[in-house]
Amino acid sequence: MATTERRGKQRSDTDVAGVVDRNGSRVDDATLLDLYRKMTEVRLFEEAAQRGFRQGKIGGYLHVYSGQEAVATGFLAAHREGDKAITAYRDHAHALLLGSEPGAVMAELYGRGTGLVKGKGGSMHLFDAANGMMGGYGIVGGHIPLGVGMAYGMRYRGEPGVVQLYLGDGAIHNGAFHEAANLAGLWGRDGLNPTLFIIENNQYGMGTSVERATAMTDLAAKFDSYGIAHEKVDGMDLGAVLACAHRVVDQVRETGRPYAVEALTYRIVPHGAGDFFEKYRTKEEVREWRERDPIGLLERRLIESGAADEERLGAIRAESKRAVEAAVRFADESPDPAIEELYTDVYADEVGSGR
Amino acid sequence: MPVMTYREALKTAMADEMERDDSVVMLGEDIGVYGGTHVITDGLLERFGPKRIIDTPIAEGGFTGAAIGMAMTGLRPIVEMMTWNFSFLAADQIIQNAAKLRYFSGGQVTVPLVIRGPNGGGVQLSAQHTHSLEGFYGHFPGLKVVSPATPADVKGMMLTAIRDPDPVIFLEAGALYGTKGEVADGDATVPFGKARVAREGTDVTLIAYGRQVNLLLKVAETLAAEGVSAEVIDLRSIRPFDAATIVESVRKTHRAVVVQEQWRWFSVASEVAAVIQEEAFDDLDAPVERVSGAEVPAPYARNLELAAFPSEAQIVAAVQRVLYRT
Ligand SMILES: Cc1ncc(C[n+]2csc(CCOP(=O)(O)OP(=O)(O)O)c2C)c(N)n1
Ligand SMILES: [Mg+2]
Numbered sequence: 001m002a003t004t005e006r007r008g009k010q011r012s013d014t015d016v017a018g019v020v021d022r023n024g025s026r027v028d029d030a031t032l033l034d035l036y037r038k039m040t041e042v043r044l045f046e047e048a049a050q051r052g053f054r055q056g057k058i059g060g061y062l063h064v065y066s067g068q069e070a071v072a073t074g075f076l077a078a079h080r081e082g083d084k085a086i087t088a089y090r091d092h093a094h095a096l097l098l099g100s101e102p103g104a105v106m107a108e109l110y111g112r113g114t115g116l117v118k119g120k121g122g123s124m125h126l127f128d129a130a131n132g133m134m135g136g137y138g139i140v141g142g143h144i145p146l147g148v149g150m151a152y153g154m155r156y157r158g159e160p161g162v163v164q165l166y167l168g169d170g171a172i173h174n175g176a177f178h179e180a181a182n183l184a185g186l187w188g189r190d191g192l193n194p195t196l197f198i199i200e201n202n203q204y205g206m207g208t209s210v211e212r213a214t215a216m217t218d219l220a221a222k223f224d225s226y227g228i229a230h231e232k233v234d235g236m237d238l239g240a241v242l243a244c245a246h247r248v249v250d251q252v253r254e255t256g257r258p259y260a261v262e263a264l265t266y267r268i269v270p271h272g273a274g275d276f277f278e279k280y281r282t283k284e285e286v287r288e289w290r291e292r293d294p295i296g297l298l299e300r301r302l303i304e305s306g307a308a309d310e311e312r313l314g315a316i317r318a319e320s321k322r323a324v325e326a327a328v329r330f331a332d333e334s335p336d337p338a339i340e341e342l343y344t345d346v347y348a349d350e351v352g353s354g355r
Numbered sequence: 356m357p358v359m360t361y362r363e364a365l366k367t368a369m370a371d372e373m374e375r376d377d378s379v380v381m382l383g384e385d386i387g388v389y390g391g392t393h394v395i396t397d398g399l400l401e402r403f404g405p406k407r408i409i410d411t412p413i414a415e416g417g418f419t420g421a422a423i424g425m426a427m428t429g430l431r432p433i434v435e436m437m438t439w440n441f442s443f444l445a446a447d448q449i450i451q452n453a454a455k456l457r458y459f460s461g462g463q464v465t466v467p468l469v470i471r472g473p474n475g476g477g478v479q480l481s482a483q484h485t486h487s488l489e490g491f492y493g494h495f496p497g498l499k500v501v502s503p504a505t506p507a508d509v510k511g512m513m514l515t516a517i518r519d520p521d522p523v524i525f526l527e528a529g530a531l532y533g534t535k536g537e538v539a540d541g542d543a544t545v546p547f548g549k550a551r552v553a554r555e556g557t558d559v560t561l562i563a564y565g566r567q568v569n570l571l572l573k574v575a576e577t578l579a580a581e582g583v584s585a586e587v588i589d590l591r592s593i594r595p596f597d598a599a600t601i602v603e604s605v606r607k608t609h610r611a612v613v614v615q616e617q618w619r620w621f622s623v624a625s626e627v628a629a630v631i632q633e634e635a636f637d638d639l640d641a642p643v644e645r646v647s648g649a650e651v652p653a654p655y656a657r658n659l660e661l662a663a664f665p666s667e668a669q670i671v672a673a674v675q676r677v678l679y680r681t
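Each protein sequence line maps, in turn, to chains A and B. First residue of the first sequence? That's 1 in this note's numbering, and the numbers climb one at a time after it. First residue of the second sequence? That's 356 in this note's numbering, and the numbers climb one at a time after it.
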């Protein structure tokens with residue numbers, strides 16, 4: 001029987017200056033500064049994408065990750081070769097952090113033939129299987145069973161990997177989540193489900209707050225029903241996320257049993273780039289959260305601990321900016337997909353395609 | 356007659372009916388506080404309160420099923436599917452319960468339910484967010500399926516849908532929400548099962564529904580300049596289906612081209628073509644042509660998406676073929 005371990009409220013293992021990695025040693029300054037570079041690159045990438053959307057270079061839906069960077073940055077720092085990650089449509093950061101070329105990601109948003117998925121999927125469907133990025137999905141909740149199945153498949157094949165399965169606070173009320181979580185708990189009893197559920201609780205599913213979506217607002221505790229242990233983490237604090245991530249990823253890998261973390265975070269931008277009015281939350285609320293912006297928080301910690309000075313951080317931001325500018329240039333200069341691509345990739349075996 | 360947008364006409368019909376009949380309630384994601392993703396329901400929460408304008412979690416199967424239950428007790432729920440793409444999660448409830456309850460209860464129970472939302476593509480939403488589900492829902496006996504193309508029709512058919520005693524799949528042309536047209540004041544209902552001749556002509560019958568109707572009207576202009584007189588028929592309703600209007604037109608023109616955004620195989624156009632050959636075979640001077648979406652999941656890139664949907668050029672080419680002008 002699975003024993004359900006409840007760790008209750010937010011736990012901040014330690015702050016950045018004292019972050020402990022999986023071997024118990026302090027995460028060195030160079031690693032932290034590299035994560036700072038990644039977080040700023042993700043933020044600047046998203047801002048460039050929003051500009052591209054306003055300029056009409058990006059069509060369809062565009063959901064950016066601004067405000068939530070510490071979550072994926074922290075958890076994916078614990079990603080190892082052979083691991084997999086899967087998420088919904090707010091997926092640019094996950095692809096970038098797993099190592100996708102920023103140019104290929106931007107080209108995908110621009111709908112170019114050089115895009116990560118050849119211009120076929122767009123913003124919501126980033127895939128980079130070689131790096132463990134298993135997508136990018138547009139139907140809320142729809143990817144959750146896939147993550148659980150991938151975890152089973154990997155253990156079945158004797159692979160040591162884990163699946164980082166990201167989902168939103170809104171997605172947790174969908175039937176697919178409950179069915180899949182139950183399976184994960186069940187299969188995990190036999191060590192056949194190394195799924196790490198990561199709830200990115202940014203407080204809203206579009207315009208519906210957690211309080212307006214459920215009478216039981218402790219989202220991590222929903223996993224109790226399925227025999228899956230869980231905890232919460234401050235998703236604005238990279239140090240807290242990092243410490244949690246290394247510990248729980250190792251645990252899931254060793255046990256083959258699922259685990260869940262609810263990361264408390266906030267989307268400081270509208271739900272989608274096309275949304276103009278936000279009747280469902282106040283400007284003050286957004287402002288308050290912006291004060292806990294994960295990037296600003298990390299900067300203060302890095303300076304306080306003496307890991308870097310303002311000048312050093314400025315140089316890192318400039319490096320990120322150059323990387324994003326290069327990505328935009330690459331996307332802009334890339335050609336449209338060839339028209340013949342319309343009919344490719346429908347079937348692995350084109351026989352009987354009925355075209 | 357007042358001129359209003361498709362969006363306003365739709366909202367007017369629902370609000371008028373909610374004023375008239377307090378058994379009408381509305382459920383859906385972000386229809387209240389958020390104002391509606393497509394701004395169809397903006398202001399209704401303030402007007403009718405949270406007991407009648409029910410914001411739901413993202414749980415399509417659950418709230419659609421609950422709406423069916425409400426309908427079974429005599430309410431007249433309107434369910435907003437934020438987009439029809441999400442209705443697959445509710446398909447079990449719609450098909451297994453709503454469509455069949457009256458039948459398998461031996462007529463004891465009826466389900467006066469409207470499920471509505473934007474259908475179809477054209478704005479680069481790619482594979483999972485681009486579906487035209489007329490054929491899919493049209494397949495199931497027990498459902499009524501309509502697809503209005505004009506502001507007047509969207510109002511008139513919504514009034515009919517809410518008053519209808521059976522479950523209605525109300526497929527809005529999302530791409531047309533901002534288009535304007537004349538809409539009669541008051542109780543201007545439009546019946547189901549009655550197609551509309553959108554333009555009269557004598558040489559060829561062009562048939563569509565939803566946003567493709569506007570495309571056909573454009574094509575008809577182009578053809579007129581080339582000396583071809585095209586009749587344009589707007590099906591309006593998929594189930595019940597108005598075979599008579601189509602057959603009457605084909606008896607006059609002897610040629611037909613059916614246009615749809617959805618995939619061709621097992622589709623509405625296939626059904627229209629079959630009905631024409633069954634009922635007007637001797638009147639036909641050419642095989643019925645179908646112009647449809649490309650048989651691929653919808654792509655994202657603009658150039659690929661444009662290539663995936665029926666174009667003016669494709670329709671004109673099909674007309675040339677049925678006129679043996681190629
Ligand atoms: C099944 C389904 N229903 C509705 C939608 C429309 N939709 C897109 S995002 C979203 C909100 C999801 O919220 P959450 O899971 O909290 O993720 P977040 O956007 O906050 O990252 C909704 C309702 C959808 N894509 N799929
Ligand atoms: Mg959310």
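Among the hints, erroneous ones may be present.
Unchecked claim - With a straight-line cut-off of 30 Å between C-alpha atoms, the simulated BS3-like cross-links for lysine-lysine are:
#1 B:K535 / B:K549
#2 A:K57 / B:K573
#3 B:K535 / A:K57
#4 A:K279 / B:K549
Source of the hints: derived by calculation from the structure; they are not laboratory data.
Structure-based check of each hint:
1. Pair hint K535 of chain B plus K549 of chain B holds up; C-alpha atoms about 22 Å apart against a cutoff of 30 Å.
2. Restraint check for K57 of chain A and K573 of chain B: satisfied, since their Cα atoms lie roughly 28 Å apart, inside the 30 Å limit.
3. Restraint check for K535 of chain B and K57 of chain A: satisfied, since their Cα atoms lie roughly 28 Å apart, inside the 30 Å limit.
4. At most 30 Å may separate the alpha-carbon atoms for a hinted pair to count; K279 of chain A and K549 of chain B exceed this at roughly 41 Å.
Violated hint for the displayed structure: number 4, the only one.
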